[in-house]
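Enquirer: Taking the hints into account, I'd like the entire structure generated from these sequences.
Here the sequence shown is numbered in full-length UniProt numbering, starting from 1 and rising by one per residue.
Simulated from the structure, these hints should not be mistaken for laboratory data.
Backbone N, C-alpha and C define an ideal beta-carbon position, used for all residues, glycine too.
Fair warning: there could be bad hints in the mix.
[Stated by the list, open to error] Have a look at the derived ranges for each label pair, beta carbon to beta carbon:
1. W244 x V107: 25 to 35 angstroms
2. F171 x L100: 25 to 35 angstroms
3. L21 x Q151: 46 to 56 angstroms
4. G23 x K89: 49 to 59 angstroms
5. L97 x Q167: 20 to 30 angstroms
6. L100 x S147: 12 to 22 angstroms
7. P181 x Q29: 41 to 51 angstroms
8. A127 x F33: 44 to 54 angstroms
9. G124 x T6: 29 to 39 angstroms
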Amino acid sequence: MRSNPTLTSLLIVVFGLPFVLLGLLALGQYWRFPDILPPTYSFDVLARLLSVDGELGIGLLLSLFIATTVSILSTGLGFVIARAVALSKHPARWITLSYLPYALPPVLLAVLIQPYFIRLHLSGSIAGVIVALLLITIPFCTLFFRSFWGQQAIQYEQLSRTLGCSQRQAFLHVLLPLARPLLITCLFQSFLLAWFDFGLTNYLSVGKVRTLTVQVYLFVGEANSRLAAVAALLLLLPAALLLWLNKKAIVRQI
1 MRSNPTLTSL LIVVFGLPFV LLGLLALGQY WRFPDILPPT YSFDVLARLL
51 SVDGELGIGL LLSLFIATTV SILSTGLGFV IARAVALSKH PARWITLSYL
101 PYALPPVLLA VLIQPYFIRL HLSGSIAGVI VALLLITIPF CTLFFRSFWG
151 QQAIQYEQLS RTLGCSQRQA FLHVLLPLAR PLLITCLFQS FLLAWFDFGL
201 TNYLSVGKVR TLTVQVYLFV GEANSRLAAV AALLLLLPAA LLLWLNKKAI
251 VRQI
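Expert: This is the structure we're talking about:
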C-alpha cells in the first residue's frame, strides 16, 4: 500500500506543531503578543533541569520510577490473573469485575480509597501512589490478556506438559515466548497509563509526590509558562518514543 505524501506531510505538521510550540515556550524569553517568534532565547531552564536539586529532574526520575514499577508489576500480574480467569468456572463474572475500576472517574476513586490509604499509612507516599495505580492498571492488563488465554494457548500448555515439561518450563519456554508481542505492547501501554496519570497521583499523594504531571499543573497555576512547557515536553517525548518502539516491535513481529 503506497503512502500519500500530502497526507503524510499534513500529519507530520499536525503532530509536530505541539512539540515546536512547547520548544519555543521553553526556550523563548519575553514572548508577547503580537510577536510571531520569541525575540530572545535562553537555555537556563535546561540548566535548571540538569541541576542536582532541580525539581524538574527529580520529577522526571520519580515519574520514570513509578511508571516503570507499575508497568512491570501490572503486566506480570495481569498475565497470571488472566490465565486464572480463563481457567475459572465463571470467567464472565471476573471479566465484569475487571471493568469496575473504570466505572468511576480517577479522582472520585481516589476520594473513596483515601481513608483506607490513610489507615494503612500509604497516603502521601510513593508506595501509595504505586498501589493506587496498580488498582487501575492490573484490571487493564487482565482484560488485555483475555484474548491470549483462549483454547490455543491452553492446548499448547497441555501439549508441552504431555511431552514432559514441568509447569514452570511450560510457562517460561512455551507460553511467554508465545505471548511476547502482547507482553511488550501491554508493558508500553500500562507504562503510559501510569506516566500520564494525574488524578490519583495528585489526590493520594497530598502534594508530596510531585511527578511530572503534577508539576505541569503546578507551573500552569503559577503562570510559569517556560517551566510548564519543559515539563510538558518531558512528558511527551518519552511517550512518543515508546509509541514508536511499540510500533516497531509490532511491525517486526508481523
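Enquirer: It remains to establish, for every hint, whether it holds in the given structure.
Expert: Quick rundown of the hints versus the structure:
1. W244 x V107: 25 to 35 angstroms: holds, 31 angstroms
2. F171 x L100: 25 to 35 angstroms: holds, 28 angstroms
3. L21 x Q151: 46 to 56 angstroms: Given a distance of about 50 angstroms, which is inside 46 to 56 angstroms, the answer is holds.
4. G23 x K89: 49 to 59 angstroms: The hinted range 49 to 59 angstroms holds for G23 and K89, with Cβ atoms some 56 angstroms apart.
5. L97 x Q167: 20 to 30 angstroms: The hint (20 to 30 angstroms, Cβ to Cβ) holds, given that L97 and Q167 are roughly 26 angstroms apart.
6. L100 x S147: 12 to 22 angstroms: holds, 20 angstroms
7. P181 x Q29: 41 to 51 angstroms: holds, 46 angstroms
8. A127 x F33: 44 to 54 angstroms: holds, 46 angstroms
9. G124 x T6: 29 to 39 angstroms: violated, 52 angstroms
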